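When you get a sec, could you build the whole thing from the sequences and use the hints?
Chains as they are written, first to last, in the UniProt record's numbering: chain A, 1 to 360; chain B, 1 to 78; chain C, 1 to 332.
Just to be clear, a hint being listed does not mean it is correct.
[To be verified] In the DSS-like style, the derived pairs of lysine-lysine whose C-alpha atoms are separated by at most 25 Å in a straight line are:
#1 A:Lys311 <-> A:Lys184
#2 A:Lys311 <-> A:Lys203
#3 C:Lys46 <-> C:Lys191
#4 A:Lys5 <-> B:Lys11
#5 A:Lys254 <-> B:Lys11
#6 C:Lys283 <-> C:Lys211
#7 C:Lys187 <-> A:Lys5
#8 C:Lys133 <-> C:Lys110
#9 C:Lys110 <-> C:Lys129
#10 A:Lys259 <-> A:Lys203
#11 C:Lys4 <-> C:Lys135
#12 C:Lys211 <-> C:Lys287
#13 B:Lys11 <-> C:Lys191
#14 A:Lys311 <-> A:Lys105
#15 A:Lys271 <-> A:Lys283
#16 B:Lys11 <-> A:Lys8
#17 C:Lys129 <-> C:Lys4
#18 A:Lys127 <-> C:Lys187
#19 C:Lys287 <-> A:Lys5
#20 B:Lys11 <-> A:Lys259
#21 A:Lys254 <-> A:Lys203
#22 A:Lys203 <-> A:Lys283
#23 C:Lys293 <-> A:Lys5
#24 A:Lys83 <-> A:Lys105
#25 C:Lys293 <-> C:Lys187
#26 C:Lys211 <-> C:Lys46
#27 C:Lys135 <-> C:Lys46
#28 C:Lys211 <-> C:Lys129
#29 C:Lys286 <-> C:Lys191
#30 A:Lys311 <-> A:Lys271
#31 C:Lys191 <-> C:Lys293
#32 C:Lys4 <-> C:Lys110
#33 A:Lys105 <-> C:Lys135
#34 C:Lys4 <-> C:Lys133
#35 A:Lys105 <-> C:Lys133
#36 B:Lys11 <-> C:Lys293
Hints listed in this document are in silico derivations from the structure and should not be mistaken for laboratory results.
Note that this is a predicted model, so its numbers are computed, not measured.
As a plain string of letters, each chain reads:
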Amino acid sequence: MNLLKDFKNPVLARKLSAAIAETVGDRPFSIMEVCGGQTHTIYKYRLREMLPPNLRLVSGPGCPVCVTPIEYIDKAVFLALEKGASIYTFGDLVRVPGTMMSLEKAQAEGADVQPVYSPFQSLQAAKANPERHVVFLGIGFETTLPGVGLVIREAQRSGVENFSVLLSAKRVPPVLDALLSSGKAEIDGFITPGHVTSIIGTKAYDALCETYRVPMVVGGFEPLDLLGAVHLLAGELAGGGTRNLNAYSRASSKEGNVKAQQVMEEVFEEKDDELRGLGVIPKAGYGIRESFAEFDADRRFDIVTNSREPKGCICGEILCGIKAPEDCPLFGAICTPDAPVGSCMVSNEGACNAAYLFRD
Amino acid sequence: MRSMCLAVPIKVVEVLEGQMAIGEQMGVQVEFSTALLGAVQLGDYVLVHTGIAIETLDEADAQETLSIWNELNSTLGS
Amino acid sequence: MNEKIILGHGSGGRMTRDLVRDVFCRHLGDFGPQSMDDGAVLPCEKGELVFTTDSYVVSPLEFPGGDIGTLAVCGTVNDLAVMGARPLWLSLGVILEAGLEIDALERIVKSIAAKAREAGVKIVCGDTKVVEKGKGDGIFINTAGIGVLEHPLTPETIEPGDQIIVSGTVGDHGMALLTLRKGFPLKSDLKSDCAPLNGMISQCLDEAGVKWMRDATRGGVATILNELSEGRPWGVLLEENDIPLSDAVAGVSELLGLDPLYSANEGKVIFVVPRHQAENALKGLKKSAYGKKAAVIGLIVDDFPGKTVLHTQMGTLRTLGILASDPLPRIC
Numbered sequence: 001m002n003l004l005k006d007f008k009n010p011v012l013a014r015k016l017s018a019a020i021a022e023t024v025g026d027r028p029f030s031i032m033e034v035c036g037g038q039t040h041t042i043y044k045y046r047l048r049e050m051l052p053p054n055l056r057l058v059s060g061p062g063c064p065v066c067v068t069p070i071e072y073i074d075k076a077v078f079l080a081l082e083k084g085a086s087i088y089t090f091g092d093l094v095r096v097p098g099t100m101m102s103l104e105k106a107q108a109e110g111a112d113v114q115p116v117y118s119p120f121q122s123l124q125a126a127k128a129n130p131e132r133h134v135v136f137l138g139i140g141f142e143t144t145l146p147g148v149g150l151v152i153r154e155a156q157r158s159g160v161e162n163f164s165v166l167l168s169a170k171r172v173p174p175v176l177d178a179l180l181s182s183g184k185a186e187i188d189g190f191i192t193p194g195h196v197t198s199i200i201g202t203k204a205y206d207a208l209c210e211t212y213r214v215p216m217v218v219g220g221f222e223p224l225d226l227l228g229a230v231h232l233l234a235g236e237l238a239g240g241g242t243r244n245l246n247a248y249s250r251a252s253s254k255e256g257n258v259k260a261q262q263v264m265e266e267v268f269e270e271k272d273d274e275l276r277g278l279g280v281i282p283k284a285g286y287g288i289r290e291s292f293a294e295f296d297a298d299r300r301f302d303i304v305t306n307s308r309e310p311k312g313c314i315c316g317e318i319l320c321g322i323k324a325p326e327d328c329p330l331f332g333a334i335c336t337p338d339a340p341v342g343s344c345m346v347s348n349e350g351a352c353n354a355a356y357l358f359r360d
Numbered sequence: 001m002r003s004m005c006l007a008v009p010i011k012v013v014e015v016l017e018g019q020m021a022i023g024e025q026m027g028v029q030v031e032f033s034t035a036l037l038g039a040v041q042l043g044d045y046v047l048v049h050t051g052i053a054i055e056t057l058d059e060a061d062a063q064e065t066l067s068i069w070n071e072l073n074s075t076l077g078s
Numbered sequence: 001m002n003e004k005i006i007l008g009h010g011s012g013g014r015m016t017r018d019l020v021r022d023v024f025c026r027h028l029g030d031f032g033p034q035s036m037d038d039g040a041v042l043p044c045e046k047g048e049l050v051f052t053t054d055s056y057v058v059s060p061l062e063f064p065g066g067d068i069g070t071l072a073v074c075g076t077v078n079d080l081a082v083m084g085a086r087p088l089w090l091s092l093g094v095i096l097e098a099g100l101e102i103d104a105l106e107r108i109v110k111s112i113a114a115k116a117r118e119a120g121v122k123i124v125c126g127d128t129k130v131v132e133k134g135k136g137d138g139i140f141i142n143t144a145g146i147g148v149l150e151h152p153l154t155p156e157t158i159e160p161g162d163q164i165i166v167s168g169t170v171g172d173h174g175m176a177l178l179t180l181r182k183g184f185p186l187k188s189d190l191k192s193d194c195a196p197l198n199g200m201i202s203q204c205l206d207e208a209g210v211k212w213m214r215d216a217t218r219g220g221v222a223t224i225l226n227e228l229s230e231g232r233p234w235g236v237l238l239e240e241n242d243i244p245l246s247d248a249v250a251g252v253s254e255l256l257g258l259d260p261l262y263s264a265n266e267g268k269v270i271f272v273v274p275r276h277q278a279e280n281a282l283k284g285l286k287k288s289a290y291g292k293k294a295a296v297i298g299l300i301v302d303d304f305p306g307k308t309v310l311h312t313q314m315g316t317l318r319t320l321g322i323l324a325s326d327p328l329p330r331i332c
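If you want it as structure tokens, here you go:
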């Protein structure tokens, strides 16, 4: 079997599509796909065409670039330009506008900004260039965080002194909790993020399903994975069920990846944290533990920023599922992937970016 | 480019020292860390995210999922 | 230690002359300038000329399937050829960075010579400048090209039903270079598809009434087709399943979440031909080593005027936009 191609099989997609339509009937439902990667797949394969019109898909807050506060970009720019640090980052952050400038523009001002595939590359660069201070931009949800933890642990073990991480790490369950408790977005069911769940396990959503009486289904990232998740959710919605189910069981379990959880527990601690557009949410983020303080760029450097959100941008409401990208007056006119105003337009996982790239 | 939740199934083709391995997908080889997994075996499928394997994939489970979906039409009678 | 380019090589004096003679003229031979004059004297043919210029910057300078010299000849030759011209003459301007190894420069000049020979074009004039170390990227090249127009294109005759043909697998060059980036833990047998296509194109022109053609370089197949369909009363419909893709390009695309339709090619042309001549066009293309995997990938349709639309492998329809920003520097 081919674990990529087999999950793009159009024959099975049509079967799932028919089964979904039959299951939901003509009652209206709203489903949120939490993760930005899922949003990307939905747009790329136009999966909405395969769903009945009364089943609405809403993009959620699971795009790390999108929920990273603008102050974070300002800090990275400050470290690069004022402290002369070499910035190693996942490429998507490079174009996110800060209050004054993006990292790409800082690069034109002489900053050393290096896009990487893996956080390990930043530690290797620190070892290879002892005269430079290397800062890795550690953003991400639970999928990415264990890797960042591994690198910090390895830096301490190998006694690297010219390396630190500027952390903006978010946790999915508290964000969903905040979204549900606010009651702002009217969501009937959730497709929970497959790769976050590979790490934290499906058990992380049990309490949410129970407290808010809402069904959740873990979904993967191939077209069939998402249709499969919608199919299970449709069954719950039609029957009034509120179960916590898994349509991505080949890659995620109830308990999750215990080793990865241990690494996170060792290196990071939960904290109240700000998500762009969503405000400060209890326990929604991670900080670096005191025992690894020397690798925390926030502690190591005296960072000065003066951050302001851009005017007119409604990324916050889009991230909560209250508004769609097309509702924003800036969308496609002032705000485009070439000249993004808000963070949702920058990342390929962002709802605005996907809506723009795959617009009709 | 998608990154933050992009994890791709990779077949392990070589186990290296220092909790590293080499895997392959469609003729492309990737070197990745196995530090978040237990021992990996040649031929295992793992999910690799930002150069780090985050989970072992269950092929039998994948097969079962596909066959459940494949049987959907019988319930529809189409 | 290997000999390196120093500022003196750009002085215009003896060192410059020696470099031009010992590196450029020696390797270019019959295909290079035949005098050290300030300009080339070229015969005037009847008809119309096509004139083009392109600058080449690439990192790394040498890569599987070619180097910056290969690109500098093929890119300009292909720009002439897709205009319907027979490429004849190229100029060669190089800006060298002090510190570049002369061995590397010689390899690049040899590639230039080999591709000029293959394409049947002459490099009739040239220029060499040297910049301080740190002010260049090893070598920058500009080539201008002149050709004689032999097959004017007729995009105004394109109509629904016309077939869209690509001359081979898409995305190879862009994906190959991406995997070579420093510190990138990916390995593949991907090679750049960089090639002079004037021979292949003339085979196809002989066989089929080509109405329009373009080489699908930066921005890839999707961007080029958008440029075709923009502002037209008809649309382009592509069939995702029919687009030739090598396994490795598909693999890298999956691994990095990229779309091969937006990845650069350096040896692929897209043709629009009348439906009844598509088979002939394919037959013509397949005579060339560079056109073995040519395929019909779509057609001109009445629906979606002004747009390029992809019939996805899932059976849905998706509008393909123009590449918004360069995907290559965005390593995740």
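Right, here's what the structure says about each hint:
Of the pairs offered as hints, the one joining A:Lys311 and A:Lys184 holds, with about 22 Å between alpha carbons and a cut-off of 25 Å not exceeded. Of the supplied pair hints, the one linking A:Lys311 and A:Lys203 is violated, its CA atoms being roughly 40 Å apart against a limit of 25 Å. Distance restraint check for C:Lys46 and C:Lys191: the Cα-Cα separation of roughly 40 Å exceeds the 25 Å cut-off, and the hinted pair is therefore not satisfied. At most 25 Å may separate the alpha-carbon atoms for a hinted pair to count; A:Lys5 and B:Lys11 meet this at roughly 14 Å.
Taking the CA atoms of A:Lys254 and B:Lys11, the gap is near 24 Å; set against the 25 Å cutoff, the hint holds. Under the criterion of a C-alpha separation no larger than 25 Å, the hint pairing C:Lys283 with C:Lys211 is consistent with the structure, at around 17 Å. Only pairs whose Cα atoms come within 25 Å are accepted, and C:Lys187 paired with A:Lys5 is accepted, the gap being roughly 21 Å. Between C:Lys133 and C:Lys110 the CA atoms are separated by roughly 24 Å; this keeps the pair inside 25 Å, and the hint holds.
For the proposed pair C:Lys110 and C:Lys129, the alpha carbon gap of about 19 Å is at most 25 Å, so the pair holds. For the hint pairing A:Lys259 with A:Lys203, the CA-to-CA distance comes to about 16 Å; that is within 25 Å, so the pair holds. In summary, the hint linking C:Lys4 to C:Lys135 is supported, as the alpha carbons are separated by about 16 Å, within the 25 Å threshold. The straight-line distance between the Cα atoms of C:Lys211 and C:Lys287 is roughly 20 Å, inside the 25 Å bound, and the hint therefore holds.
Distance restraint check for B:Lys11 and C:Lys191: the Cα-Cα separation of roughly 23 Å lies within the 25 Å cut-off, and the hinted pair is therefore satisfied. About 20 Å separates the Cα atoms of A:Lys311 and A:Lys105, which keeps this hinted pair within 25 Å; it holds. In summary, the hint linking A:Lys271 to A:Lys283 is supported, as the alpha carbons are separated by about 5 Å, within the 25 Å threshold. Taking the CA atoms of B:Lys11 and A:Lys8, the gap is near 19 Å; set against the 25 Å cutoff, the hint holds.
This hinted pair checks out: C:Lys129 and C:Lys4 have alpha carbons roughly 14 Å apart, not beyond 25 Å. Taken as a hint, the A:Lys127 and C:Lys187 pair is honoured in the structure, with Cα atoms around 23 Å apart against an allowance of 25 Å. A hinted pair counts as satisfied when its Cα atoms are at most 25 Å apart, and C:Lys287 with A:Lys5 does not qualify at roughly 32 Å. In summary, the hint linking B:Lys11 to A:Lys259 is supported, as the alpha carbons are separated by about 21 Å, within the 25 Å threshold.
Of the supplied pair hints, the one linking A:Lys254 and A:Lys203 holds, its CA atoms being roughly 5 Å apart against a limit of 25 Å. With a C-alpha separation of about 17 Å, the suggested pair A:Lys203 and A:Lys283 falls inside the 25 Å cut-off, and the hint holds. As the CA atoms of C:Lys293 and A:Lys5 are separated by approximately 22 Å, the hinted pair is consistent with the 25 Å bound. In summary, the hint linking A:Lys83 to A:Lys105 is supported, as the alpha carbons are separated by about 16 Å, within the 25 Å threshold.
Taking the CA atoms of C:Lys293 and C:Lys187, the gap is near 24 Å; set against the 25 Å cutoff, the hint holds. Our distance criterion of 25 Å between C-alpha atoms is met by C:Lys211 and C:Lys46, whose separation comes to about 23 Å. Distance hint between C:Lys135 and C:Lys46 is unfulfilled; the C-alpha atoms sit about 44 Å from each other, more than 25 Å. Distance check on the hinted pair: C:Lys211 and C:Lys129 sit about 41 Å apart at the alpha-carbon level, beyond 25 Å; violated.
For the hint linking C:Lys286 to C:Lys191, the alpha-carbon distance of about 20 Å falls within 25 Å, and the restraint holds. A hinted pair counts as satisfied when its Cα atoms are at most 25 Å apart, and A:Lys311 with A:Lys271 does not qualify at roughly 29 Å. At most 25 Å may separate the alpha-carbon atoms for a hinted pair to count; C:Lys191 and C:Lys293 meet this at roughly 15 Å. Among the hinted pairs, C:Lys4 with C:Lys110 is consistent with the structure: their alpha-carbon atoms are about 17 Å apart, no more than 25 Å.
A C-alpha spacing of about 19 Å is found between A:Lys105 and C:Lys135, which places the hinted pair at or below 25 Å, so the restraint holds. Between the alpha carbons of C:Lys4 and C:Lys133 the distance comes to roughly 11 Å, so the proposed pair stays at or under 25 Å and holds. Between A:Lys105 and C:Lys133 the alpha-carbon distance is near 24 Å, which keeps this suggested pair within the 25 Å criterion. Under the criterion of a C-alpha separation no larger than 25 Å, the hint pairing B:Lys11 with C:Lys293 is inconsistent with the structure, at around 28 Å.
Of the hints listed earlier, those the structure fails to meet are numbers 2, 3, 19, 27, 28, 30, 36, in rising order.
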